[in-house]
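In short: position in the sequence shown from 1, add 2, done, that's this note's numbering.
Hints are computed from structural coordinates only; laboratory data are not their basis. It is possible that part of the hints are untrue.
Result set (PhoX-like, lysine-lysine): computed pairs, CA atoms no more than 25 Å apart in a straight line [stated by the list, open to error]:
| # | residue 1 | residue 2 |
| --- | --- | --- |
| 1 | K190 | K177 |
| 2 | K120 | K149 |
| 3 | K143 | K192 |
| 4 | K215 | K111 |
Derived CB-CB ranges, DEER-like [claimed, not checked]:
| # | residue 1 | residue 2 | range |
| --- | --- | --- | --- |
| 5 | M3 | V239 | 26 to 34 Å |
| 6 | F116 | F92 | 28 to 36 Å |
| 7 | P182 | S56 | 43 to 51 Å |
| 8 | N59 | G117 | 17 to 25 Å |
| 9 | T68 | P118 | 37 to 45 Å |
| 10 | S56 | S174 | 21 to 29 Å |
| 11 | D65 | D104 | 42 to 50 Å |
| 12 | I52 | S29 | 24 to 32 Å |
Note that the Cβ used here is the ideal one computed from N, Cα and C, for glycine as well.
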Amino acid sequence: MPLTVGYQLIRGLGAPLRMMCYYTNTSYNNVAYGADWSDKWLAGKKPELIKENSCMNLPYIIDGDTVVTQSNTCALYLGRSLKIDDDACFIHNHCVLDQVMDLRNDLVKIVYPFGPVKTKEEFPAGAKAHLENSAKTNFTKLEGFCKGVYMCGDTPQSGDFVLFEMLDQHESIAKAIGEPSVLSNFPKLKALHAAMKADSALAKYFASDFYVKYAQNNGLFTHFTGQSDDFVYGPTVEELVTL
3 MPLTVGYQLI RGLGAPLRMM CYYTNTSYNN VAYGADWSDK WLAGKKPELI
53 KENSCMNLPY IIDGDTVVTQ SNTCALYLGR SLKIDDDACF IHNHCVLDQV
103 MDLRNDLVKI VYPFGPVKTK EEFPAGAKAH LENSAKTNFT KLEGFCKGVY
153 MCGDTPQSGD FVLFEMLDQH ESIAKAIGEP SVLSNFPKLK ALHAAMKADS
203 ALAKYFASDF YVKYAQNNGL FTHFTGQSDD FVYGPTVEEL VTL
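Work the whole structure out from these sequences, hints included.
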């Protein structure tokens, strides 16, 4: 029975998990909670899944009798179960995941009104400051930690998929506010981003709605979806993705 990847109807923390399924040609059930998430998730599926895993949150993975949650745990689980991750790279890869989460947590303060940037009008200035400070700091750390084409060497690990999504989102933000590429001063990260975009195993993913049409952030709250101004954040989607 196909595994299930559950998250919001956005790219965000769910994108790397979907990418890994595409990368390994693993069919999966996509459950993406949209504008009706209060009913479908908070009052619907979450109470049911808490009985299986008391740490339950989004994203989650259901794989037979195994119910996994928390972002980095989900990435590590798929990395191992889909035979992407090399055990010899475990510590280095785990550190990549943690460092990227630091970056992501800072980005959340900018793209949502829960931090210092309260309105969409304040977003360009807040995003510019983020690119010049937190993003630069975290990219510098990750650039120095990169061992090859990918963070652990010649082949991608789960951390590379998570990192790619953050690199891609930051490039999108820079373009949207009229700033130069954030990767121009980080040749290793720029090469990693390009390598993943060029990987034939991910061609179907980059052509899919998950990459092209999904918002980068939750359309109910965010200052920046990465989509056009007329973007509509839709209802929950449940579908089998056959690969």
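Status of the given 24 to 32 Å range, CB of S29 versus CB of I52 = Cβ of I52 to Cβ of S29: about 27 Å, so the range 24 to 32 Å holds.
task = Kindly confirm whether 43 to 51 Å is satisfied by the beta carbon distance between P182 and S56.
result = Taking Cβ atoms as reference, P182 and S56 lie about 46 Å apart, which means the hint holds.
query = Per the hint of 37 to 45 Å, is the separation of the Cβ atoms of T68 and P118 within bounds?
reply = holds (39 Å)
ask   = For the pair supplied as a hint, K120 and K149, is the alpha-carbon distance within the 25 Å limit?
value = Not satisfied, since the Cα-Cα distance of roughly 38 Å exceeds 25 Å.
ask   = That 42 to 50 Å hint for D65 and D104 (C-beta), does it hold up?
value = Cβ of D65 to Cβ of D104: about 28 Å, so the range 42 to 50 Å is violated.
inquiry  = I want to verify a distance hint. Is the separation of the beta carbons of F116 and F92 within 28 to 36 Å?
reply    = At roughly 33 Å between Cβ atoms, F92 and F116 fall inside 28 to 36 Å, so the hint holds.
task = Below or equal to 25 Å on CA atoms is what counts here, so check K143 against K192.
result = holds (14 Å)
request  = Below or equal to 25 Å on CA atoms is what counts here, so check K190 against K177.
outcome  = holds (20 Å)
ask   = Is the hinted range of 26 to 34 Å satisfied by the C-beta distance from M3 to V239?
value = violated (19 Å)
Hint check for G117 and N59 - Cβ pair distance inside 17 to 25 Å = holds (20 Å)
message = Checking one constraint from the list: CA of K215 to CA of K111, max 25 Å. Satisfied?
response = holds (23 Å)
message = Given a hint of 21 to 29 Å, does the C-beta separation of S56 and S174 actually sit inside it?
response = Violated: the Cβ-Cβ distance is about 36 Å, outside 21 to 29 Å.
Violated hints for the displayed structure, listed by number in ascending order: 2, 5, 10 and 11.
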